[in-house]
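Here is what each chain is made of, one letter per residue.
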Amino acid sequence: MQESAIKRWALHIFLAATLAFMLAPILIVVVNSFNASAFNAWPPHGFTLDWYRKVLANPAFQRGTVNSLIIGVISTAIVLVLGTPIAYALARIRLRGVTGLKAILFAPLIVPRVAIGFAMFVLFVALGTATGLRLYGTFTGVILAHCVLMLPFVVAILTVSFGEVDPIVEEAARDLGASPIAAFRLAVLPQIKGALLVSGIFAFITSFDEVETTLFVVRPAVNTLPVEMYHFLEQYQDPTIAALSTLLIAFTFFIALAVPFAVKGNELLRMMTSGKQ
Amino acid sequence: MADVVLKAVEKVFGSERVVKSIDLSVNQGEFFSLLGPSGCGKTTTLRMIAGLETPTSGDLLIRGERMNDVPINRRPTNLVFQKLALFPHLDVFDNIAFGLKLKGLPRPEIARRVDDMLDVVSLAGFERRRVTELSGGQQQRVAIARALVNAPAVLLLDEPLGALDLKLQLRLQRELKRIQRSTGTTFIYVTHNQAEALTLSDRLAVMNEGRVEQIGSPADMYLHSATSFVASFIGRTNLIAGEATFAGGEARVTDGALSVVLDDADAPADNGRTVLSLRPERIVIAPKTPMANGIDATVAEVEFLGATVLYRMRIADGRILFVQALADTPPLAEGTAVRLGWGKDAAVSIRSTTVAEDVE
Amino acid sequence: MSAVAAAPASGRRLSRGARLGLLLGPGFICVVLPFVAAMALLGAYSLNLRDTTGAGLGLSVWSQFLGDPFNWRVIWSSVQLAALSTVITILIAYPTAAALLRVRNRFYLVVAYVALFSPLLVSVISRSYGWLLLLSDTGFVNQTFGLFGLGPYRMVFNETGVIIALVHVLLPYAVLPILNIMTQVPPVYREAALDLGASGWTVFRQVTLPLTLPGVIVAAEIIFALSISAFVTPSLLGGGRVLTLSRMLYDNIGLIEWGMAAVQAIVLLTTALAVLFVLERVNRATHAARQD
Numbered sequence: 001m002q003e004s005a006i007k008r009w010a011l012h013i014f015l016a017a018t019l020a021f022m023l024a025p026i027l028i029v030v031v032n033s034f035n036a037s038a039f040n041a042w043p044p045h046g047f048t049l050d051w052y053r054k055v056l057a058n059p060a061f062q063r064g065t066v067n068s069l070i071i072g073v074i075s076t077a078i079v080l081v082l083g084t085p086i087a088y089a090l091a092r093i094r095l096r097g098v099t100g101l102k103a104i105l106f107a108p109l110i111v112p113r114v115a116i117g118f119a120m121f122v123l124f125v126a127l128g129t130a131t132g133l134r135l136y137g138t139f140t141g142v143i144l145a146h147c148v149l150m151l152p153f154v155v156a157i158l159t160v161s162f163g164e165v166d167p168i169v170e171e172a173a174r175d176l177g178a179s180p181i182a183a184f185r186l187a188v189l190p191q192i193k194g195a196l197l198v199s200g201i202f203a204f205i206t207s208f209d210e211v212e213t214t215l216f217v218v219r220p221a222v223n224t225l226p227v228e229m230y231h232f233l234e235q236y237q238d239p240t241i242a243a244l245s246t247l248l249i250a251f252t253f254f255i256a257l258a259v260p261f262a263v264k265g266n267e268l269l270r271m272m273t274s275g276k277q
Numbered sequence: 001m002a003d004v005v006l007k008a009v010e011k012v013f014g015s016e017r018v019v020k021s022i023d024l025s026v027n028q029g030e031f032f033s034l035l036g037p038s039g040c041g042k043t044t045t046l047r048m049i050a051g052l053e054t055p056t057s058g059d060l061l062i063r064g065e066r067m068n069d070v071p072i073n074r075r076p077t078n079l080v081f082q083k084l085a086l087f088p089h090l091d092v093f094d095n096i097a098f099g100l101k102l103k104g105l106p107r108p109e110i111a112r113r114v115d116d117m118l119d120v121v122s123l124a125g126f127e128r129r130r131v132t133e134l135s136g137g138q139q140q141r142v143a144i145a146r147a148l149v150n151a152p153a154v155l156l157l158d159e160p161l162g163a164l165d166l167k168l169q170l171r172l173q174r175e176l177k178r179i180q181r182s183t184g185t186t187f188i189y190v191t192h193n194q195a196e197a198l199t200l201s202d203r204l205a206v207m208n209e210g211r212v213e214q215i216g217s218p219a220d221m222y223l224h225s226a227t228s229f230v231a232s233f234i235g236r237t238n239l240i241a242g243e244a245t246f247a248g249g250e251a252r253v254t255d256g257a258l259s260v261v262l263d264d265a266d267a268p269a270d271n272g273r274t275v276l277s278l279r280p281e282r283i284v285i286a287p288k289t290p291m292a293n294g295i296d297a298t299v300a301e302v303e304f305l306g307a308t309v310l311y312r313m314r315i316a317d318g319r320i321l322f323v324q325a326l327a328d329t330p331p332l333a334e335g336t337a338v339r340l341g342w343g344k345d346a347a348v349s350i351r352s353t354t355v356a357e358d359v360e
Numbered sequence: 001m002s003a004v005a006a007a008p009a010s011g012r013r014l015s016r017g018a019r020l021g022l023l024l025g026p027g028f029i030c031v032v033l034p035f036v037a038a039m040a041l042l043g044a045y046s047l048n049l050r051d052t053t054g055a056g057l058g059l060s061v062w063s064q065f066l067g068d069p070f071n072w073r074v075i076w077s078s079v080q081l082a083a084l085s086t087v088i089t090i091l092i093a094y095p096t097a098a099a100l101l102r103v104r105n106r107f108y109l110v111v112a113y114v115a116l117f118s119p120l121l122v123s124v125i126s127r128s129y130g131w132l133l134l135l136s137d138t139g140f141v142n143q144t145f146g147l148f149g150l151g152p153y154r155m156v157f158n159e160t161g162v163i164i165a166l167v168h169v170l171l172p173y174a175v176l177p178i179l180n181i182m183t184q185v186p187p188v189y190r191e192a193a194l195d196l197g198a199s200g201w202t203v204f205r206q207v208t209l210p211l212t213l214p215g216v217i218v219a220a221e222i223i224f225a226l227s228i229s230a231f232v233t234p235s236l237l238g239g240g241r242v243l244t245l246s247r248m249l250y251d252n253i254g255l256i257e258w259g260m261a262a263v264q265a266i267v268l269l270t271t272a273l274a275v276l277f278v279l280e281r282v283n284r285a286t287h288a289a290r291q292d
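Protein chains in written order, with UniProt numbering: chain H, 1 to 277; chain F, 1 to 360; chain R, 1 to 292.
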């Protein structure tokens, strides 16, 4: 079916404009990170690497980066360990009442993150007063808050992928002498490697970029990098933040693209372009 | 010696009795089939032997040991699944080596046994192929090798050839038989395909509605079918039901226009309702010499099968008699009137159960 | 067979409930339970559990919140902002998805996917900063306008900037479900309609749009929920001058008005759920209409 050339061209120009719109704020951040002007003058007043030096020398950003990495790695590990059995159960065991459990499990996807942040803050303070448990402003607290946000994503991704594994391979592994746990480890887990990797990356990036919930549960000592950035940006707008953003963009792109590519190069490309023709 | 024994084994799912008090005994080194239509309980029976289901009651013994509470991974059985269930993330070698690795055998021993098994199933050289790249027949052989390499006391096969095309089915049937003979392993084979069961089995059990209808050799089953279900499920037959009367050493069963004479020794002693099975090939068209039984009929339908011709003959009361004849002369035309005859020993008295639906 | 011998009869098969408990238990106890407790506590605080006014347990905070017309203005402007961003995002996302489906060049397709979806990987803070740079009075956009003798236009620290930056955040979430449903609509429907003599516009209005509407509604649900609760973008691009429910909530914690903040959190959640509910009803209705 041939469409009119005008319509086709109009759509292509529209697409190009959309793509430019999507890339513009990211490109300008990268360009501005080399801008010699402290007032973000446009066009840039010459080339400098000063902002990068400033970022790397900033103790708040240094601490924030370390904190974010620690929190990101630990909370990713926790949600993968806790989320995998939940996803497996949801994919394999049919039981009444599961709908209710699911609704609670996936609720953090709908509840505004600001509200979750405040609710967690209230809980942490109340628990602190009642039991002496120190969650507010500690790593444990931030990690718990991040797990609340990340768990539904991880479970959703893994449930789909467990659903694609034929349950019969577990029976086959059992028949060949595997205990239930060995059957899961040897016959099922290897088949969802890709989904584990994707959900792990997704969870890590979510944690690493999280601001809206985190703002409520951190104290300066455990400030994460995005929280430091938010506070910085509320006060200053010089290209320091551009340099930091550029470094972060490079970092997240490395994680999101290099890691899966290293694992299975072409498959990812195929995934990205499939479902099209 | 009996390898597998089932004593009054029952399986109930919810309120449904899927397997109803089965008694079975499978001999060592035997190729034994469980044959029946879908839903007859044969697969559930196999899954109970494998350990994928627990019997609700009764005893299951393998090599004399009670197996009811032994988990699947500790049973001396291996299963070839209907859907094969190969591990898609492993290559051919690792699929076959799976069970041996779990047993913790040393690597060289594993490699040797997998190699031997690849020879048995004619897949030498395929070690490092991904199982998803293999053809249906090759995957089938990997599934068999993966189970057989563990040297199980009993190999269980759940309709393993069902998904393949007919030509491949026939080839793999011969191969299965060869593998079974060369390894001497006891095979228990589940199928709904009666031709397959007759070809492969030393003995078989015909199941229907959760019960075993008859156990015996293929020839036994065909020639001396015990029930109307077996007679109609294995091959094709004419069922004749009526009162038997006895006179002068002969019994006579009358069913509508049909009246069948047989030796009274072959008819049940109680003077009640008798069911007879009369195989189509035992009926002679236009007999040259007089026979004990005879009836007039007209050809209603002709089915040319190659070596033989199957006729549907209409008799006086409108019913159809199946008659099968060698195709040594051109087939009769539809509408031809003929005389049919059969001997005293042609019809066999059987127990009345349900009748298998005509599956063609 | 030596394996046969050793087989304990006990403890081999766990009941379904026990298995479910083992699988779900750890995650639910460690993560889901604290979340539920936190939300419950939120409800309790909104009922003045942590009494700061001396009014005792009850609806005093609620009546205080609902009785203040200022709060209603904030709710209304939050909803407006979210609705406007949602509508604009959908209007951009729909043709974008349609154009993506028509891209035949594989390389361009990959570039387009990366450009559209990679911003998801970039921190909202970095992106907000980028928009601050682009939209400031002397920024790239106003400089470009200046070349044509236009502007400068004020686009930061007001709603314009907030909406532009929000659309940027929301667009990838909107394109995905729309793209998804568009690939599921077989082209034969369009072809049949064209064959029956319908014009391009009629085909779009009567065939393509109704068939893809469920995807549009799903997209709207997702992005409305995201935009009503957005915090960073409105805060940074609004510069404190665009007041939203989420911003007010944050400020109230600074003021230690926890009861009030709890009420606002619940109002925020309820608003999001109310709109989701309405959209879901619309979705059902269109589904039902298609079944007939």
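Hints in this document: simulated from the structure, not taken from any laboratory.
From the three backbone atoms N, C-alpha and C, an ideal C-beta is built for every residue, glycine too.
Treat the hints with care, as some may be off.
Beta-carbon label-pair distances, calculated as ranges [as the list claims (entries may be wrong)]:
| id | chain 1 | residue 1 | chain 2 | residue 2 | range |
| --- | --- | --- | --- | --- | --- |
| 1 | H | Ile110 | R | Arg106 | 52 to 62 Å |
| 2 | R | Gly17 | F | Thr183 | 40 to 50 Å |
| 3 | F | Thr132 | H | Val81 | 22 to 32 Å |
| 4 | H | Gly128 | R | Ser60 | 51 to 61 Å |
| 5 | R | Gly17 | H | Ile70 | 34 to 44 Å |
| 6 | R | Leu150 | H | Gly128 | 35 to 45 Å |
| 7 | H | Ala103 | F | Thr183 | 37 to 47 Å |
| 8 | R | Phe107 | F | Thr132 | 23 to 33 Å |
| 9 | H | Val81 | F | Pro88 | 16 to 26 Å |
| 10 | R | Arg205 | H | Ile168 | 39 to 49 Å |
| 11 | H | Val160 | R | Leu66 | 47 to 57 Å |
| 12 | F | Pro88 | R | Trp72 | 53 to 63 Å |
| 13 | F | Glu334 | R | Pro187 | 33 to 43 Å |
| 14 | R | Pro187 | H | Ile70 | 45 to 55 Å |
Verification of the hints:
no., hint, verdict
1, H:Ile110 with R:Arg106: 52 to 62 Å, "violated (37 Å)"
2, R:Gly17 with F:Thr183: 40 to 50 Å, "holds (43 Å)"
3, F:Thr132 with H:Val81: 22 to 32 Å, "holds (30 Å)"
4, H:Gly128 with R:Ser60: 51 to 61 Å, "violated (26 Å)"
5, R:Gly17 with H:Ile70: 34 to 44 Å, "holds (37 Å)"
6, R:Leu150 with H:Gly128: 35 to 45 Å, "violated (56 Å)"
7, H:Ala103 with F:Thr183: 37 to 47 Å, "violated (54 Å)"
8, R:Phe107 with F:Thr132: 23 to 33 Å, "holds (29 Å)"
9, H:Val81 with F:Pro88: 16 to 26 Å, "holds (25 Å)"
10, R:Arg205 with H:Ile168: 39 to 49 Å, "holds (48 Å)"
11, H:Val160 with R:Leu66: 47 to 57 Å, "violated (42 Å)"
12, F:Pro88 with R:Trp72: 53 to 63 Å, "holds (59 Å)"
13, F:Glu334 with R:Pro187: 33 to 43 Å, "violated (51 Å)"
14, R:Pro187 with H:Ile70: 45 to 55 Å, "holds (51 Å)"
Of the numbered hints listed earlier, those contradicted by the structure are 1, 4, 6, 7, 11 and 13.
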